[in-house]
Every structure is written in C-alpha cells, then in structure tokens.
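The listed protein sequences derive, respectively, from chains A and B.
Numbering-wise (the working numbering), the first sequence opens with residue 1 and increments by one.
Numbering-wise (the working numbering), the second sequence opens with residue 1 and increments by one.
Be a bit skeptical, because a hint or two may be false.
Stated by the list, open to error - Each computed DSSO-like pair below joins lysine-lysine, with the alpha-carbon atoms no more than 27 Å apart:
(1) K25/B x K237/A
(2) K225/A x K64/B
(3) K225/A x K11/B
(4) K69/A x K158/A
(5) K11/B x K236/A
Said to hold, decoys possible - Which stretches of chain A does chain B cover? Using the computed rule of at least three CB atoms under 8 Å from a CB of chain B, they are:
(6) 99-109
(7) 315-328
Simulated from the structure, these hints should not be mistaken for lab results.
Yeah, the Cβ is synthetic: ideal placement off N, Cα and C, and Gly gets one too.
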Amino acid sequence: MTDFLRNVLEVLFDALIFLRNYAFYPDDGETFSLMRVLSLFIAFSISGAIVVFLSQNAVLKFFGPKSKKGLSYLVASVSGFILAVCSCSVLPMFASIRKKGAGLGPAVAFLFSGPAINILAIFLTFTDLGADIGIVRIVSAIVLANVIGFAMFFLYRKSETVDEDEKTFHLVEDTSNLKVWQRALFFLTLVAILVFSVYWALPTAIFAVLLAVQVALFFSLEDLKEWGEATWDLVKKIIPLFLIGVFIVGILDSTLSDEFVVSLVGTNNYLTNLLAAFFGTTMYFATLSEVPFLLSMLDLGMHMGPATALLLAGPALSIPNMIVIAKVLGKKKTLTFVVLVAVFAALVGLIAGTFIYS
Amino acid sequence: MEIKVLGKGCKKCNLLEQHAKQAVKSLGIEASVEKVTDINDIAEYGVMKTPALVVDGEVVVAGKVPKASQLKEMFKK
Chain A
1 MTDFLRNVLE VLFDALIFLR NYAFYPDDGE TFSLMRVLSL FIAFSISGAI
51 VVFLSQNAVL KFFGPKSKKG LSYLVASVSG FILAVCSCSV LPMFASIRKK
101 GAGLGPAVAF LFSGPAINIL AIFLTFTDLG ADIGIVRIVS AIVLANVIGF
151 AMFFLYRKSE TVDEDEKTFH LVEDTSNLKV WQRALFFLTL VAILVFSVYW
201 ALPTAIFAVL LAVQVALFFS LEDLKEWGEA TWDLVKKIIP LFLIGVFIVG
251 ILDSTLSDEF VVSLVGTNNY LTNLLAAFFG TTMYFATLSE VPFLLSMLDL
301 GMHMGPATAL LLAGPALSIP NMIVIAKVLG KKKTLTFVVL VAVFAALVGL
351 IAGTFIYS
Chain B
1 MEIKVLGKGC KKCNLLEQHA KQAVKSLGIE ASVEKVTDIN DIAEYGVMKT
51 PALVVDGEVV VAGKVPKASQ LKEMFKK
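Please take these sequences and the hints and turn them into a complete structure.
Structure (structure tokens):
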C-alpha cells in the first residue's frame with residue numbers, strides 16, 4: 001500500500017516537473033526562459049486583437065443563404081483564423097450557418113478546420129512540434145475541410161434544405177472605427193513580433209516600437225480597453241483548462257513506457273494511423289492541449305504519421321463535442337461526419353508519414 | 001414586450017440578461033425577459049455570435065453586450 005502511494009506521488013511530482021519544464025524550460029529542463037510565456041502572451045494578444053479589430057462581417061457575409069456555394073466552402077475552410085479564436089463560439093456558428101446560412105457543407109467545413117487554423121493553434125504547433133508538421137496541419141485541415149464538407153453536402157443533399165430567406169441571417173456589428181489599412185498594418189506588426197520573438201531580439205524590439213507608435217497614433221482609449229478585455233477573456237477561458245491538460249499529459253508522460261507507445265503507434269501504416277485517428281475523434285482535448293500531448297508522445301516514440309492523423313482528428317471532435325453536434329444534426333449525420341473525419345485524418349497521416357517526414 | 005437573451009450561459013450572456021432586466025425595470029414597461037440556451041433554438045434565429053438579444057421576435061443585438069442605457073433606447077422604440 002505504501003509502495004502504491006509512493007508511486008502515485010512520484011507520478012504527480014513528475015507531472016508537475018513536466019508542467020514546469022513545458023512552460024519555462026524549453027531545452028529539456030536546462031535553462032530557464034521566459035520567452036515561451038512571453039510569446040504565448042503575444043499570441044493571445046493577437047487573438048484578442050482579431051476579436052476586436054478584424055471585421056467578422058467581412059467573412060460572415062460569405063455564409064449567407066444566397067452566397068455562392070463554392071466560395072462559401074473556401075471561406076469556411078480558412079475563416080477559422082478569424083472566427084474560431086475560441087472554440088466556444090464555433091458550435092453556435094456552426095448551427096446557424098447550417099440552419100439559416102449556406103447550409104450543411106460549409107457549416108461542416110467551418111467546424112472541422114476552425115480548431116486547426118486559429119492563430120494560437122498554429123503558433124503552438126510550429127514552436128512545439130516543428131514547421132513540417134505545422135505546415136501539414138494547416139494545409140490538410142483546409143483541404144480536408146472542403147472535402148469533408150462537400151461529402152456531407154452530397155450525401156445529405158436530399159434531406160438538407162437551405163433556408164433562402166436572407167432576413168433571418170444575422171451578422172455581427174463591427175465595433176472598431178479603425179480604417180482598413182490601419183488594421184492591416186497593425187496585424188502585420190503583431191504577427192512580425194510573434195514570428196521574431198521566437199528567434200531574434202532586435203527585430204522584435206524594432207517592431208514593438210512600431211506597434212507602440214501605431215497604438216499612440218490610431219487607437220482610442222476605448223479601443224485599447226476592448227483589446228485588453230478580449231485578450232484577458234481568452235486567457236481566462238483557455239489557460240486554466242490548458243494547464244490541467246498539460247498536467248494530465250505529464251501524468252501520461254511519466255506512466256507510459258516507450259515500448260508501449262512504440263508498439264502501438266511507433267510505425268507508419270494504415271492500422272496505426274486509423275488507431276490514432278479514432279483515438280483523436282473520441283478523446284477530449286482542452287483547447288490547444290493536443291500539442292503538448294503529441295510533443296510527449298513523439299518523444300516516447302510515436303511516428304509522425306499517426307501524430308498527424310491524431311492532430312487532424314483530435315481537436316475537431318471529441319465525445320462531448322459529438323453530443324452537441326448530434327443535437328444539431330441528428331445521430332446519423334453526426335456518425336457519418338465522425339467516420340469521414342477519422343478515415344481522412346488517417347489517410348493524410350499515412351501519406352504525410354510516408355512521403356513528407358522521412 | 002417579449003425579450004429573449006440567446007446564449008449558452010456564458011458570462012457575457014448573463015451580463016446581457018442583467019442589462020436587459022435593468023433597462024426594463026428603469027423604463028417601467030411591461031416586458032418578459034427570457035433566456036434561450038438550446039443551441040437549435042438559438043440557430044433558429046440565425047445569429048452568428050452569442051450573446052444576442054431578440055425583441056418581439058426580431059434580433060436587435062448579436063455578438064456584443066450593450067450597456068443598460070443603450071438597451072433602454074432600443075426598448076423605447
């Protein structure tokens with residue numbers, strides 16, 4: 001009994017160390033660095049700025065019932081960048097696009113790609129897992145969103161009808177008075193800071209000064225307040241669950257053996273990819289926590305092919321998520337969606353694992 | 001007047017409900033303030049972003065939380 005207790009305590013302690021290293025010691029516990037936390041803070045600030053300063057209407061109007069369908073799919077598959085900043089806003093939008101907007105296909109495309117292409121997910125995937133898996137994640141999320149969205153539309157084209165009445169489709173009012181070029185410049189500066197913050201201090205400082213100048217010239221106090229509030233709102237919504245997620249990953253990291261992980265998903269074939277994709281569709285990951293999870297699994301010997309499959313299927317679906325989707329779509333369509341996601345995610349994992357990461 | 005607050009129970013939705021109730025109270029009008037939390041019922045109104053406010057079947061606010069004083073102006077009409 002005491003042995004058991006000691007083991008449990010050891011695992012919990014390991015998990016705490018894992019959490020600490022993940023946040024502050026990017027080089028395997030060697031050197032303390034605030035860089036990670038700082039650049040994560042910048043990424044959150046950009047997300048907050050997206051919420052406040054980017055025109056959501058400019059994107060949402062492509063989801064209206066009378067918009068061109070091809071365009072709706074395309075925009076749906078990339079608009080997560082602006083619209084899916086927080087996963088909590090994705091499901092209501094999904095339900096509305098399907099019921100009062102462009103219909104099932106674009107709604108599904110949006111639902112699928114959102115969690116993969118918002119700026120926080122992109123940032124974390126690139127810094128933690130590397131550029132190759134990051135690029136594969138973005139590109140295949142966009143492509144698969146179109147494929148799966150269109151497949152859903154095609155399979156259910158008889159039972160799904162689009163409500164043509166445009167009056168019942170409601171956009172959001174824009175709050176900021178900034179001009180378009182001011183917004184564009186502002187975002188480019190922020191993204192530049194984020195990109196350089198990972199590598200060089202000097203350009204970061206230059207862009208930071210540029211940012212300060214812009215803020216002083218263009219922004220009203222009200223703008224700044226809203227930006228701050230939106231950023232803090234996101235931090236509050238995402239960080240606590242994310243930290244719990246990393247802690248749980250730490251527990252797994254300490255208890256799972258290399259041999260176990262390697263025997264399950266250490267190679268790249270259709271079985272390992274399907275297994276990873278199936279695990280991804282059912283498992284719940286707190287927003288962003290799929291990234292540290294994979295970081296640990298790759299470290300324990302998971303192949304990058306199955307890791308990609310999991311990355312594609314994981315954040316888009318989980319059992320709690322399925323329950324809500326089933327309330328909107330019904331059981332049959334939800335199951336079809338889940339199967340499509342699992343199969344295509346596994347396929348991309350297999351292809352990427354064979355041809356790209358080698 | 002029939003006022004509905006659409007939203008799945010997030011903080012902003014509760015805030016909007018509070019503001020709506022305040023506005024109704026200070027105007028002294030006859031109005032019911034009701035919450036709509038079911039995702040399908042919300043989608044029925046076609047709002048893209050919650051919280052949203054529906055007055056007598058019409059969506060008047062979507063995706064933000066106006067102050068009680070701003071809501072008062074809206075309810076007067």
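Hints, one by one, checked against the model:
no., hint, result
1, K25/B x K237/A, "violated, 32 Å"
2, K225/A x K64/B, "holds, 15 Å"
3, K225/A x K11/B, "holds, 18 Å"
4, K69/A x K158/A, "holds, 16 Å"
5, K11/B x K236/A, "holds, 12 Å"
6, 99-109, "holds (count 3)"
7, 315-328, "holds (count 3)"
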